[in-house]
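J.: Letter by letter, the chains look like this.
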Amino acid sequence: MARFKLLPLVLSLLLLTGCWDQRQFKNVKLVLAAGVDAADEGKVESTVVITNVQSSSEGPGAEQTQIVSAAGHSPLDTRTHIDQKISKRFDQSKLHVLLLGEELAKKDIYAYLDMFYRDPKSNLHAQLAVVGGTVKDALSLSVSGEPRISEYITGMLTGERRSTHMPNTNIQLICSELLEPGQDFVLPYLTVNQEESILEYRGLALFSGQSYSGSYLPSEKAVLFLLMKGIRGADAQMTRKVGGDDHPDVNDFITVDVKEIHRKLSFDTHGSLPKVEIKLKMEADVLEYPPNHLQSAKKIKELEKQIEKDLTKEAKEILGQLQEVNSDALGLGRRLQAYHPKAWKKLNWNEVYADIEINPSITFEIQSHGITN
Amino acid sequence: MARTENKKISRRQFFFIIIQTQIGVGVLSLPFDLHQAAKQDGWISFVLAGLCIQLLIVAMWLTARQFPDDDLISFLPKLFGNAIGKLLSSAYYLYFVCVCVLILVLFGRMLHLWILPNTPFWVLAILLAFTCLYLISSGLLVMARIYTFVSILLVIIFLLLVSALPDIQLVYLLPVGQTPIPQLVKGAQAAVLAMLGYISFFYLYPHTKGTPAERLKTMSYANLFVILFYLFVVFVSFTYFSTSEITFVPQPVLYLLKAIELHVISRVDLFLLSMWIVSVATSFSTYLFMASKGLTDMFHSKKPSRFAVFSTTLIVVASLIVGIDEQPIDSFTQFVTHVSMVFSNVIPLFLMLYTVSIYRFIRRKRHGKV
Amino acid sequence: MKPFKSLRQKPKEQKQKTERNTTSLQENITYFVEAFHRSDDLKLRILEEGRAVLFYLESLADQAKIQNEFFKPYMKMDDQEVMKFSSGKKVHDRKEIIKLLLKGHSAFAIDGSADMLLFNTTSAFNRSVEEPDNEKVVRGSHEGFIDNLMININLIRKRIENENLVVTFEKLGKLTNTKVALVYLDGVANPQLVDKVKTRLKDISVDFIISPGFIEEFIEDHAYSPFPQMINTERPDKTVANLMEGRVAVLSEGSSTCLMAPATFFAFYQSPDDYNSRWFTGTFIRLIRLFSFIIAIGLPAFYISIVGFHFEVIPKDLVIPVKSSINEIAYPPIIEALVMVIIIELIREAGIRLPTPVGQTIGIVGGLVIGDAIVRAGLVSNFMIIVVALTAIASFVVPSNEMSTTLRLLTFPLIILSATLGFVGIVFGMLLLLIHLSRMESFGTPYFAPLAPLHVKDLKDTFIRLPLFKMNTRPKNAKPIKGKTQATSREWRRDGKNRK
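In order, the protein sequence lines correspond to chains C, D and P.
In terms of this note's numbering, the first sequence has 865 at position 267, counting the first letter as 1, and numbering is strictly consecutive.
In terms of this note's numbering, the second sequence has 194 at position 192, counting the first letter as 1, and numbering is strictly consecutive.
In terms of this note's numbering, the third sequence has 762 at position 192, counting the first letter as 1, and numbering is strictly consecutive.
Watch out, some of these pointers could steer you wrong.
Pairs of lysine-lysine, DSBU-like flavour, derived with a Cα cap of 35 Å [claimed, not checked]:
(1) P:Lys-768 x D:Lys-211
(2) C:Lys-686 x P:Lys-886
(3) P:Lys-886 x D:Lys-219
(4) D:Lys-211 x P:Lys-1049
(5) P:Lys-1052 x D:Lys-211
(6) P:Lys-635 x P:Lys-749
(7) D:Lys-188 x C:Lys-943
(8) P:Lys-1040 x D:Lys-9
(9) C:Lys-819 x P:Lys-886
(10) D:Lys-211 x P:Lys-1030
(11) C:Lys-944 x D:Lys-41
(12) D:Lys-211 x P:Lys-1040
(13) P:Lys-768 x D:Lys-305
(14) D:Lys-304 x P:Lys-1049
(15) P:Lys-1030 x D:Lys-9
(16) P:Lys-886 x C:Lys-683
(17) P:Lys-766 x D:Lys-10
(18) D:Lys-41 x C:Lys-877
In short, the hints are calculated from the structure, not lab data.
My request is simple: use the sequences and hints to build the entire structure.
T.: Encoded structure:
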């Protein structure tokens, strides 16, 4: 076996022949934020934000951003056109944010995400968002105090996620919902405010099948929607009117933070169309209630009842909107398939979804009210 | 005598050799294959396959028990006489070479797809094959030591997969039991391909310390471990990906880690892939070891290194001929699956029946004459 | 191979018959003067008007001793009594006399007698027993071996007062005749191991042995491996601890280094300091050291494969800092790494050879000035400096100097592998390294024990250090014949209330 002693050496010599797959980090143009818009004649227009950094011996140097866009037949076709406008080639494997233009999102978005799913180098945890207006405008904003648009948007979305205004989404996470029948998804909906030169979070864009339905759930309702979905961020704050008359006053409002939720879905498949019941039990802390009557159990009960009524009404509105645009963002269909496979097979879920009966019932409980009464 | 006893591997090492041989190239794509065949009930097929393998192990043990000092290549001639024995041995040699080639091309394909799209396949093939040659040239004992050591990587793979647990949805496993039996059996076939390697029992059995019953117990524990490990992998992939999504991703295990970002590092899949290379190397080494040892024993040679080098070169050349394009690999995989059914399942069963009935009878008669 | 065969055979001189002195003083003295090739330091002192001669090697003999041993009693005697010195030794074999002269003895020859009287007048030039510079400890013994074999053995015997401690001498080097001592503890050391070391020592047939480094290369198992295979120390306490584990020590005259076999990889990561501090601290320091092993060989390779192949791996908050640091570097990362590693090696090597104050200056000039300037010049990036500096520091953490050099050497192949194939290259490099380590055996002990093969019980003193009273069995590495080291030492804890 003595002859094998030098085998490692010979093997290492083999490697000196070349380095085929080298991709030097210093040679790429880094793209941290990108987006796609719909263009004329069925084309797409991609916009990328290239971050250039100057090297310096003390810490990170000055940054410059370069915003380039080009139209083409497909996202990768636009890539070729963009490369023709910049030095070297750009690289999306560290992409942080991918924005979809509103018009484009109304088409089948899988086609525009396909290149990300297929490429082994792509970054699947890039945040996704739908932009009202065009992506190009959104990415061209120069927000004061936020040198990098990608950081601005991710920071904003992270904040919204923590406050239970949007679910955790990225390219990969929506993929299951994109492809699975009986399950739809939502994406954050942003609009551009040109006057103040900022982006604004508006709510959740409702998707039906693989395309944007055109309507979004306003951010006030997003919290309740997510709680119904069983998702809760770091805190879930809701402000509701609990008294007074038609002239609202600050004293009429209560702000609560939902601490715990218990959700139960049940299906009644006896009829021709299944009936769905969503039972949601919430436990919350009071964060703000200027009238200060929280020492009596009776008053608390009263408040709870009022909030319950209010929330149930709101839940019905939300479900109504979902059914109206045929977006099963709560994933009811997949659950029906899982628990009642026979009933599922008989139905064409996409067609009947809008007509089924969904009853939300919400129980609300105040469990504490801060360090004052 | 004391010296040969020292050269035997311990039962713990035996355990690790078996699991390292069984867990190999298939682990990344097993959930996909199962899903192809049996949808979300794939895990049932898998458990079925595991139980069948357990039965096969008992069958192999019944055979091996009759030949405490011989491995497959040396007891085949004793069972069937020289001519048929030699023929079967050569067939087994070719079978092992085929499995090695399959491992090599699947390995090359995986790296080509995931990290090294431009590196020529021959570099990777030579690198893996000759690293393994270096490993097997040190003998079974050193192999056992290394297999034991690298098993720590399985723990790391397990922990990486645990990091995906927050994103799983159990509802994707439901409804249970909707798949018809024939498809379950088809799934079981795919599972057996991923768990191949139990045939090494015939080679390791005579070189392991302990009573026959103890060795059977260790082997069964190893099989149980492999089943549980794979089940966990299948479980995570099935619940992370939705039922229709998993049909798009042939390597679900890698794909799901690709989407996970840890705070210190992103793209966990690249680390998993790197660790997977070690698992592939261990499976490959075991087959290479069996092939070259078989060849050496067939020629009763004292120079095992010559046969090891020959086998390695043969495997590399064959794998280069097969190449790493999709079509030839698929048909080659089909071929090896069918051949494996014969060599890893049918023949061991037949050997068991032959040994416990006819061979015992013949031997008793022979002893009676003497 | 034939021309070399003669070299392998034992030299013929040894078989020659002894040469006897004649009775003629003239002839005898001429013989010795010629034997030493008229070397000028062979001092002849003619006494008794030419009828007697005292001669010795001036460079080896101690003048004061000659005065005491020879001249003082000589003055009081008359001629006939001269040959009855009590302290002298009568020798007539010329070879023997030469050997003794070479040790510093003085010979007294008188006309008409074939016998010569030899007095031990060896001058003792010794360093005092000091703490070895390269193996300092914070707490514990501060003694170190010196260049005198007998004193070294004395230092060991002082620590093991046991009749089972065996010392056997061996003469090595055909021309230098260096005295080499083999020390082991009978009843603990495995006899097969002792035999193995003895035969290998006896087999050495070279002209000269200067230091144990020579011996090591002749008797180790795998001469083509970069890893050291014998433990190398200048500390008596470390030697004793290893003897107690059943190892065999080899010391040689004229060197303060002690070699011990068999060695395992992890033995190079142990330091006496571990046992002088509390076991929590000891464990922590050990883990840090082993972690440093991974950094020392893998970190540059890992970094290169990240910036050269898989930059997707960089977490998102670090993307911009890394990018800005390497953006305008002229060379590919592999060149950067090689430049930096070589600079560090240059600084280190330059620092060793110079006197301490100058050495420090070199360190400052090299480390600070070059480091800063090279970044400003855009040759090497900030991150690469961090990586390579960390690697260098990590390699110096190893208590053993040989192992530390080996680690720095191993960085290079891994750098090349990672620059060709990225992570895949690193995995193959590590795998080859692991196979190599597991293949190796040092005097019959697996080198990578207790990890491969796995001895769970022995992990108590490799990765971690359990309290001493838990270490009831000797590590299996040296295959000692007596396993248990202690009965329960803390019996008083068992029922603490009843006893005091």
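J.: Against the earlier hints, flag every one the structure doesn't satisfy and list their numbers going up.
T.: 3
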